[in-house]
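Q: Take a look at the letters that make up each chain.
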Amino acid sequence: MNNQIPWLTIITLFPLVASFLIPVIPDKQGKTLRWYALSVGLIDFALIAYALWQNYDLQDSGFQLVERYAWIPQIGLNWSLAVDGISMPLIVLAGLVTTLSIMAGWQVTHKPRLFYFLMLAMYSAQIGVFCAQDILLFFFMWELELVPVYMLISIWGGPRRLYAATKFILYTAIGSIFILVAALAMAFYGGNVTFDMAELGLKNYPLGFELLMYAALIIAYGVKLPIFPLHTWLPDAHGEASAPVSMILAGVLLKMGGYAIIRMNVEMLPDAHYYFAPVLAILGVVNIVYGALVSFAQTNLKRRMAYSSISHMGFVLLGIASYTELGMSGAVLQMLSHGLIAAALFFLAGVTYDRTHTLAMEKMGGLAKSMPTVFALFTIGSMASLALPGMSGFVGELAVFLGFATSDSYTSTFKVVVVLLSAIGLILTPIYLLSMLREVFYGKQTEELSQQILLDAKPREVFIAACLLIPVIGVGLYPKLVTQYYDVKTVEVATRARTAASAIAHQPVQVFTQASAAPKLTAGPELLGILK
Amino acid sequence: MEAIYQYAWLVPVLPLIGAMIVGIGLISFNKFTNSLRQVWSIFIVSIMGMTMTLAFAIFWSQYTGHPPYTQIIEWASAGDFRLNMGYTIDHLSALMLVVVTTVAFLVMIYTDGYMAHDPSYVRFYAYLSLFSSSMLGLVISPNLVQVYIFWELVGMCSYLLIGFWYGRKPAADACQKAFVTNRVGDFGLLLGMLGLFWCTRSFDFAVIGERLENLVESGALSGAVAALFAILVFLGPVAKSAQFPLHVWLPDAMEGPTPISALIHAATMVAAGVFLVARMFPVFENIPAAMNVIAWTGCFTAFLGASIAITQNDIKKGLAYSTMSQLGYMVMGLGVGAYTAGLFHLMTHAYFKAMLFLGSGSVIHGMEGVVGHDPAYAQDMRLMGGLRKYMPITAITFLIGTLAISGIPPFAGFWSKDEILGKTFEANPAMWLVGWLTAGITAFYMFRMYFSTFEGKFRGEDVSVKETIRIERLQAQGFSMGPGAMNSQELAVADEAHDDHDHSHGHHSHEPHESPLSMTFPLMALAVPSILIGLVGTPFANYFEEFIHAPGEVVPPLGAEVDLPEFLTMGGSSIGIALIGITLASLMYLRHKVNPAAIAEKIPVLYNLSKNKWYIDDIYNAVFVNGSRRLARQVLEVDSKVVDGLVNLAGFVTVFTGETLKYFENGRAQFYALIVFAAVLGLVIFSGVTG
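Sequence lines, in order, name chains A and B.
Throughout, this note's numbering is defined as the position within the first sequence, counted from one, plus 25.
Throughout, this note's numbering is defined as the position within the second sequence, counted from one, plus 1.
Any given hint might turn out to be false.
Short, incomplete list of chain A residues facing chain B, as computed with Cβ under 10 Å [stated by the list, open to error]: (1) T349; (2) A401; (3) L413; (4) G415; (5) A424; (6) I452; (7) L453; (8) I456; (9) T508.
Rather than coming from a laboratory, the hints here were simulated on the basis of the structure.
Even for Gly, the Cβ is constructed at its ideal location relative to N, Cα and C.
Next comes chain A alone, as it looks inside the complex:
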């Protein structure tokens, strides 16, 4: 395997290596640097696309493009990379969003060298997180991405940037400690010491130990996703971060939490997942409803969107907890779709902020007249976010709903309550998103704003928004465009989780869940035409 081209290593390291050239690039007018950073981003994105296009086999649910080199043999650390159906689409998402956010930061004039250096370093770190198959390497990549985010917020952020950045780094760093401890504990458990994630998943842990590990990891990833009540860093970080950083934060970094929950909690600790799944479902519902309500009460544009992200991430949790292929597929699709939609909305909020110099919605109003294109794009983004059919958000949420409703792993009462409450989120979402549009764009302009010249979106800005929104519509019109890339994998994950669950369910101890099948069909199998 090592005699092939090490594609994953190349795409992971290329932006980082290229970023080291930034200090020596001559940059008189401040224009060379941004073109350099953008080219690096584009080249890496093209490499990702090419490498996956050429080498990725859709029918294979296992790891592909595997690369493993001993790195620091003394401690058993391997440079071990691979992709499968869950990480592959997220890598593409990371490449797309990061490249576009470099383009969104086109007008950075304050310390541009450091800015572009950090953006490229973050590019590498994100792809590293999704590729890493060695738990230490994963942890390292996870940490590698924290520092640039911290600095990007604290240097280029809004007035309360230091508070927000500090809060961010403290929350996530404490979360990371849990990952490290859990990783080491799992690695040293039993006779053989290994950091390889696949092998860790094969170990047989006692239930108590597994539950403990699960709890530790869910705290760490719960900060990232974020899960209530560990979410309060997010609105502060978003409220203060500049648009390009918000795009990456909402578009990619939150998905690292969801990815890691599937990769580690569900895949490596399936027995504990059986006990924790109802908790995840409940937390998912809380996220959906609570996030939506708080979002409605916000008066700051970006904080409103930040809480909307929390609400939407609740569906990912529900999907993960559903134990069905459909729910799992919906969870992954929801992550991808939210990555695109949230990035688009945060970018457009940045575009608006560039003109109005305020994020307070009560100070805006009537912007549609002077910025019709931004208004149109903002409307498309909001419609996508409120899960309008024909856009990807709808497909993700519908799949999660269907998956959860047809799950055999919960009692009917539990399912009814969960589905009913999360469907209330469907009513709340348009309330806060359309109120946002109304307050910002409808009506008449305030006196303050009408004195300023508000230019409509420039071609560059339209292009960035289009790059994010066209895939959203494409997936919404024909979901198989994306689901085919990971279907075999999500099916495998859900099947394995169900097998593990039924193995436990047959043991004497039954905790919360009782299999309750749908009423038996009396109709013959020939009627099952649609289902098969």
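Given chain A, put chain B in place with the hints provided.
A: Using the frame of chain A, we list chain B on its own:
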């Protein structure tokens, strides 16, 4: 003939392509696209014309006996789960295609005249085309999920079109209200859909009905649960077709331009709810509880709408409540099992109500020349009167529509409404009584509208009426009560804030004028079906029933014996009460023998109940709107004080507060972080290279 079925998918796709081309043009080359105006409108209208031709071809093929045709593709899958999308052409969808495309086509022609001076003319055509596409997709949907998809899409188009004049605050509020109210209905529809899928594992209408019946019969599923699912699904039509208690959005939706009030909020989208009930008929008809809920909802809505319409002064609001009332008839018809009658009324109503709305638009267009571009004045019937002299075509077509909706034979509305009432009488005489009384009220308020708009003396320049309207509006906006209690300065400020069209008063004429041909042609075209279309469904030769009937229903052959005495009693009583209503209206508003104000003063409770729309909007506002705001604020308090505080406190801030934050906030921390970052990187790379 097969070819038109293979290409039937073009019916929704053609208008979609039109909308996309114009939409992309507007986003990318805004100025240029906007400057082309009529190039685009001709483009969009011709696409609609092509679609209409195709729809007629499909209809003809179905009429001549082609079997239903369904084409599906796999749309989404996960594991063993498959979700199919496609299109199905049967009698019902063929009929809906014809209704939707003809009304859409005529409305698009009308728009050219109505929106001629609007700067967003091109955008309006893009929205119209997008809406037509979604609506056509809805009617050919083969399963419940696809219906849901297009259901929401038409809702979005309605949102965009109601909020079309985004600078107007009432429009901004109305479009949000429409979307959110419809989402409440969709919430029910989605839950019902999930429930039905959970127990039948299918989204196909017929399959759901069959399996649900089996499940209930075999006792695997309790009848109450099945009824619950059915009623949840029915919540969707309740919102979309403006049935009580989710009707509140429709009257407000009149803030949108009049062509879309005709197309979306009278003829097509609001009828989608009735269409869905018809599609779900195989499911509903086996569940008596659900059918009763449906019938009574329709019955009550019919009465509610009519009772509010009596006192409305805004011509469009009056028509909106009348639409709501007529939709109530349709829903009631389906609820009592009169599948054919409900859909027949859907079709006749689509034509005559579209014409009435377009007529009101023509009136408003004419009035704007006199009173200015302010909807509060241009749409108020107290300022109209005598318009027949100035706009004869509009007046005649409006009269035809009024006769049709009042149920006077041989106009279209008589046949369909009478069929519903007849079937209702068989099912439940109490319900019939309500429907019958409502028919009288309908005739009354419609003729009140006709007389005060077109007959009598023109009142457009009556200053005292204008003053009354102005004060009423200010009161509605919450300024202090009574004309005396307000100082003039306050009035001036309030006026300025809400009326920026007043400065264009200078060049107004003193007389309204007839609208251009592009507006009167659709009126005349729609008058034809409004008069004649009812004749396809007379009890003597019911071609309509032969074509459209509930799946599995046995239809008596054409020319079968008609129970003449029964028809004469039912029809006669309907005509009788309509004539009473018309007489009353003419006494009050044409001859002024009876003073309506005096009657209103005698029964202030009833008058205020009707005038204030039964206070339903006020109750919703207090309970739901303010309630949700309060709840959201409280949750925010919890979030910022309790959750944030506790996590900060319990976690680590105790350790770091003071020292760390100060340390971090002096700005040097970033420098240290950078060094640490670089060092870690360096170390890793170093060990990577050497290791």
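Q: Now tell me if each hint is right for this structure.
A: Hint check results:
The beta carbon of T349(A) comes within 8 Å of a beta carbon in chain B, closer than 10 Å, and the hint placing it at the interface holds. Interface restraint check for A401(A): the shortest CB-CB distance to chain B comes to about 6 Å, inside 10 Å, so the restraint holds. Given hint, L413(A) at the interface with chain B, holds; its Cβ is 6 Å from that chain's nearest Cβ, closer than 10 Å. A distance limit of 10 Å between C-beta atoms decides the matter here; for G415(A) the minimum to chain B is near 6 Å, and the interface restraint holds.
Interface hint at A424(A): satisfied, since its Cβ lies 6 Å from the closest Cβ of chain B, which is below the 10 Å cut-off. Taking 10 Å as the C-beta cut-off, the interface hint given for I452(A) holds, the closest approach to chain B being about 5 Å. A hinted interface residue such as L453(A) counts as satisfied when its beta carbon comes closer than 10 Å to some beta carbon of chain B; here the least separation is about 8 Å, so the hint holds. The closest approach between the C-beta of I456(A) and any C-beta of chain B is roughly 6 Å, which is under the 10 Å cut-off, so the hint is satisfied.
About 6 Å separates the beta-carbon of T508(A) from the nearest beta-carbon of chain B, less than 10 Å, and the hint is met.
Hint check: no violations occur; every hint is consistent with the structure.
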